[in-house]
Amino acid sequence: MFRVVIAFLCAVLSGALVGSIVQTQFNLAALAELSVPITIDVRISTIIHDIINFSPILAAMLGVVLLVALPVAGFVAHFIQGIERLWFTFAGFIGLLLCFAIVNELAPMPTFIAATRSWSGWLLMAATGGLAGWLFHRVWRPTVRDLKDPVV
Amino acid sequence: MKRLKQSMLILSVLLFGQLTFPVHAAEVAVISDEIAVGFDYPWALVQLPERKAGWLVTERTGQLIHVADDGTKVQVPLQLPGLYVAGQSGLFDVILAPDFATSRWLYLSYACGTPNANTTCLARTRLSKTTPYRTQATEKLFTARPLRKGAAHYGGRMAWLPDQTLLLTLGDGFDYREQAQNLENHFGKVVRLTMTGEAPADNPFPDKTDGRIFSYGHRNSQGIVYDPTRKVIWQHEHGPRGGDELNRLQAGRNYGWPIVSLGIDYTGAMVTPYEALPGVVDPEYHWTPSLAPADMALYQGTMFPQWQGGLLITHLAGKRLQVLMPEHDTWQVAAEYRTSNEARLRAVAVADDGAIWLLTDSDNGRLLRLSAPKD
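Just so you know, the sequences run in chain order A and B. Quick note on the working numbering: the first sequence kicks off at 1 and runs consecutively. Quick note on the working numbering: the second sequence kicks off at 1001 and runs consecutively.
Rather than coming from a laboratory, the hints here were simulated on the basis of the structure. This one's a predicted model, so the numbers in the text were calculated from it and none came from an experiment. Possibly wrong hints are sitting among the right ones.
As the list claims (entries may be wrong) - Stretch-level coverage of chain A by chain B, calculated; a stretch enters the list once three of its residues show a Cβ under 8 angstroms from a Cβ in chain B:
1) 42 to 48
2) 89 to 99
Stated by the list, open to error - Computed spacing ranges between beta-carbons, pair by pair:
3) Leu34/A <-> Asp1329/B: 24 to 32 angstroms
4) Thr1288/B <-> Glu33/A: 22 to 30 angstroms
5) Ala1086/B <-> Ser118/A: 22 to 30 angstroms
6) Ala1351/B <-> Ala60/A: 22 to 30 angstroms
7) Val5/A <-> Lys1208/B: 53 to 61 angstroms
Cβ atoms here follow ideal geometry from the backbone N, Cα and C, with glycine treated the same way.
Kindly generate the complete structure, drawing on both the sequences and the hints.
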């Protein structure tokens, strides 16, 4: 159980961190297209701001998504064996993809997270859910090959 | 006058301090009368100029209501071309033509289109001279381009300039915020139109879009007035999370959204790292955290002489009316009013006797009259 909790926390925190950095790049790219100067200092300070202020919201969304998606992935993997990690990755990706759509339906604004206004932004942000699913399985059930080649 | 409810309220007047940091306070007594109730998300109000003719009130859900002096409500039949009601969309502002006494033209801003292709539109209609009021010869004068998806950020407030041209605020459509910087469309702009909806020849961008753009870089502006004494256009707009702005509007100027903002996104993400940039006009005043300014009127009445020349601003999230007075090249909150049940306030207007009229924002909206107590 302890391993599950650690894996879950690693997945949520990593996904939120990477997702925050990804959405910052989309927002800054939109400004750069308007000829707004984006220096490396501005980019770094914006990334830090968003990690502090945006990533907690994404972490909350990702936490709820994984609470549903990971058991579903485990259930599917029980019947279709051999590609278990792929199921967890896929579940995280699809879960966050749907989560963005549901939040947009429920929230008063058309699109809650600005970076998901475009298809590319929506898919890339959802990919951080896939990363979270992958990381959860990597920490929870490392393969023999994983243990020979540790993440850290 | 039918007074459904009357109460005496005290306004705190902050003489030398900001809202959040009052240094010195006095008090002004006002009487609050509830004139009428049961409006369905009322959005705007305008007083008819004939003696004791009453008021017209728009409801966002599409109705135009005549409110007689005794508080009696009667719906005025109105067919707006392509009216679209959903989310924040629907019927918005109503304003009388400068020559209303003879022409009887009412100008109405509203959302038109469909869920996947809608925008802000402007129409005018002739109001009958006698009650029960009717409308006729309704015609659409302007359609903001391009059409967009969603039902948010339409702007929709209007003001006449002394040369009888009309200013209309247009929102950024929320999902299209970067387009507020693009002079090839109407997102996040204030447009200036003739009385028939054409582009005046002296507009600042005659070669861009359709020549109607007056200023750009706006988010969602729901307050605009012309100040004839100072010869200034005052305009306010919603910021995201923080950064609601009061601007001195000038032709051809860039007001910054979304490349400059004093607020951040609702998610906590930064919209822009810049609070100021060369070529972008700074606000005269800002609200951070946001109060969601929804309307504005210039006070030129005699009932509250201490507020002469001040700006009356209603707030939705802030649930208050603020009186802003100029002080040392900026603005200070001079007084605030909240209803007893902390209602969101949508619209404000000054009556010909100097009383202040308010609309609360809900599916059971109320029309209130604030007046000074008689000695």
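Evaluation of the provided hints:
With 3 residues having a beta carbon nearer than 8 angstroms to a beta carbon of chain B, the region 42 to 48 of chain A meets the requirement of three or more and the stated coverage holds. Counting residues of the region 89 to 99 of chain A whose CB falls under 8 angstroms from any CB of chain B gives 0; the rule of at least 3 is not met. Look at Leu34/A against Asp1329/B: about 30 angstroms separates their beta carbons, and that is inside 24 to 32 angstroms. Distance hint for Thr1288/B and Glu33/A: a CB-CB separation of about 27 angstroms, consistent with the stated range 22 to 30 angstroms.
The given range of 22 to 30 angstroms is respected by Ala1086/B and Ser118/A, whose C-beta atoms sit roughly 23 angstroms from each other. Checking the proposed 22 to 30 angstroms range against Ala1351/B and Ala60/A shows it is violated: the Cβ atoms sit about 48 angstroms from each other. Remark: the range hint 53 to 61 angstroms for Val5/A to Lys1208/B is upheld by a beta-carbon distance near 58 angstroms.
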